[in-house]
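Student: Below, each chain spelled out in residue letters.
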Amino acid sequence: MINAAILFAMVVVGSAMLFSLTRLIKGPSAPDRILALDTLYVSTIAELILFGMFLDSSLYFEIALVIAMLGFFGTVVLSKYVIRRDIVE
Amino acid sequence: MIATLLAALIIFMLLVGAFFVFLGGFSLVKLSSFFHRIHGPTKASTLGVGSILFASVIYHTTYGSGLHPRELLITLFLFMTAPVSAHLMSRAALSLMDGRPDDPSVTPDPEAHIRDDADEIAEQRARDHERPHVE
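Chains as they are written, first to last, in the UniProt record's numbering: chain E, 1 to 89; chain G, 1 to 135.
Do not take every clue at face value.
Here are some, though not all, of the chain E residues that point toward chain G, as calculated from beta-carbon distances under 7 Å [to be verified]: (1) Ala5; (2) Arg23; (3) Ser43.
If you're looking for bench data, these hints aren't it; they were derived computationally from the structure. A virtual CB, placed ideally from N, CA and C, is assigned to each residue, including glycine.
Next comes chain E alone, as it looks inside the complex:
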């Protein structure tokens, strides 16, 4: 029963990742793409945690933690780049 719920949640989170992928490709502006990347890494964390529950392993928490930290720094750096380029011009 729990396994079925985990599988269902994995499919739903995967479709959310597909939605953010379409926004990442379609754009149309740079902040939209940054937001789509941010959503993509947050849902990747959820998917990895679900995968760790499915395989009954605690190995995936480290991966999720690394993705959480690097994704946050990536979002901050990309947003800073968009802001400062406009200030210099």
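Based on the hints, put chain G in the right spot on chain E.
Tutor: Frame of chain E; chain G shown alone:
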């Protein structure tokens, strides 16, 4: 009895988490402008990941290899960083917005046009068109 209740709690938290993560992804496709879109992922997805992590904590303490504080660390980190990244992304969008008011007390129009791919292509075309004329 308690095992059944814990299983029901895990399934409920998983369903709630999956629903909110789905809502965050769907709002990216459905909503019309950037300042509407930014609400979905930064609020709904964070709550969804939080409840999925909570379900994972209960699952691993009940069936798996005991309590892992790292899961709570991920939750704490996500709940701290989501507002910061949302603030920075909306500032980035604000700096690319057309007709932004100089007075900070005036609220900008959330539906205003943000510089996008079409503008970049038009500027590139204009530059390419201009260059032989300048030389």
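Student: When the nearest CB of chain G is found for arginine 23 of chain E, is that gap smaller than 7 Å?
Tutor: The hint holds - arginine 23 of chain E has a Cβ within 7 Å of chain G, the shortest such distance being about 4 Å.
Student: Identify whether the interface hint at serine 43 of chain E stands, where standing means a beta carbon of chain G within less than 7 Å of its own.
Tutor: holds (5 Å)
Student: Measuring from the C-beta of alanine 5 of chain E to each C-beta in chain G, is the shortest one below 7 Å?
Tutor: Alanine 5 of chain E check passes; min Cβ-Cβ to chain G is 4 Å, inside 7 Å.
Comparing the model with each numbered hint stated earlier shows that all of them hold.
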